[in-house]
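Starting from the known structure of chain R, arrange chain Z on it as the hints suggest.
2 protein chains.
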Amino acid sequence: MSRIKLTLGRHIVAEMYGCDDNYLSNPQLMEELLLEAARRADLTIVASKTHNFIPGVTSLVIVGESHLAIHTWPEYGYAAVDIFVCGSKDPWRAYNVIYEKLKPERVKVTELKRGVITLPRASLTLNDEVTVRKTVLSAEPPR
Amino acid sequence: MSRIKLTLGRHIVAEMYGCDDNYLSNPQLMEELLLEAARRADLTIVASKTHNFIPGVTSLVIVGESHLAIHTWPEYGYAAVDIFVCGSKDPWRAYNVIYEKLKPERVKVTELKRGVITLPRASLTLNDEVTVRKTVLSAEPPR
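Chain order of the listed sequences is R and Z.
For any residue, its number in my numbering is found by taking its place in the first sequence, counting from 1, and adding 1426.
For any residue, its number in my numbering is found by taking its place in the second sequence, counting from 1, and adding 1426.
Isolated chain R, as found in the complex (with noise of 0.2 Å):
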């Protein structure tokens, strides 16, 4: 029977150097900027956590299609972004609002498959649903 090769994520880890000061300080601005990116790339948003260390900040936000993050460090004009997304979604549409906003003066980018599958390609039309990952919520998460 012939198989048939499934990818079910794009990765984008991409290296910011030279960002836009304004930003990689302020909590506020890079959770607001995460979620403007998810809503760009028109990934649900199920829930976002951000955090503000001295210097610098966590933003992370789980998306129906998996997270994206971003960690700087503004001593260093550095931030650390990553764009998950599974499924038909688009992960550039968010790095393109992220990197507008943030203005980098020197990036280093690459997109990693995430998971990567071998069915045999009868199952294929069972697996439809590999593209569109169910964003069937549960009652509660755990905490």
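If you're looking for bench data, these hints aren't it; they were derived computationally from the structure.
We treat Cβ as the ideally placed atom computed from N, Cα and C, and that holds for glycine.
Check each hint, because a few of them may be wrong.
Only pairs whose alpha carbons sit at most 20 Å apart, straight line, appear in this in silico SDA-like list of lysine to any residue [claimed, not checked]:
(1) 1431/R x 1532/Z
(2) 1431/R x 1543/Z
(3) 1534/Z x 1439/Z
(4) 1539/R x 1535/Z
(5) 1431/R x 1539/Z
(6) 1539/Z x 1439/R
(7) 1539/R x 1539/Z
(8) 1529/R x 1503/Z
Output of the computed footprint for chain R on chain Z, the stretches with three or more beta carbons under 8 Å from beta carbons of chain R [to be verified]:
(9) 1429-1439
(10) 1468-1479
(11) 1490-1496
(12) 1512-1526
(13) 1529-1543
Structure of chain Z alone, referenced to chain R:
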């Protein structure tokens, strides 16, 4: 003036296939597993957020040293694991805890360097704090 290169963070990206079924659909177990992994790597736990999809679980833990994330696809026995740790802590200690519990049949794992900063050597004493990210907490995260 001579210059020195610092790496702010180490990021383990792990693809775990053929994982233990008991974990992949259980949000409580997955969150406890991430928290235990963080503790075993001596990371400073700041916040966690877990979400139960049908099927699958997303669990994220913010640590003072960055974050841990798992997304699971129980229908494929697959878990996407990210362990991003800055400073001197060893992300492989957290990885090993997750590996031992999920018992994957097959793993693809990579360690990425995050935040490679070049500084004048003379400034190094000022930047000793790079290796111990400050975890002074803000009064209250924005949400």
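Here is what the structure says about each hint:
1. 1431/R x 1532/Z: Holds - the C-alpha atoms of residue 1532/Z and residue 1431/R are around 16 Å apart, at most 20 Å.
2. 1431/R x 1543/Z: It is violated: about 38 Å lies between the C-alpha atoms, which goes past 20 Å.
3. 1534/Z x 1439/Z: holds (8 Å)
4. 1539/R x 1535/Z: The hint holds at about 12 Å.
5. 1431/R x 1539/Z: violated (29 Å)
6. 1539/Z x 1439/R: holds (11 Å)
7. 1539/R x 1539/Z: holds (18 Å)
8. 1529/R x 1503/Z: At roughly 39 Å apart (the allowed maximum being 20 Å), residue 1503/Z and residue 1529/R break the hint.
9. 1429-1439: holds (count 4)
10. 1468-1479: Holds, because 8 residues of the stretch 1468-1479 of chain Z bring their Cβ atoms closer than 8 Å to Cβ atoms of chain R.
11. 1490-1496: Answer holds; 4 residues pass the 8 Å Cβ test.
12. 1512-1526: With 1 residues closer than 8 Å to chain R, the stretch 1512-1526 of chain Z misses the three-residue bar; violated.
13. 1529-1543: With 5 residues in contact (Cβ-Cβ under 8 Å with chain R), the coverage given for the stretch 1529-1543 of chain Z holds.
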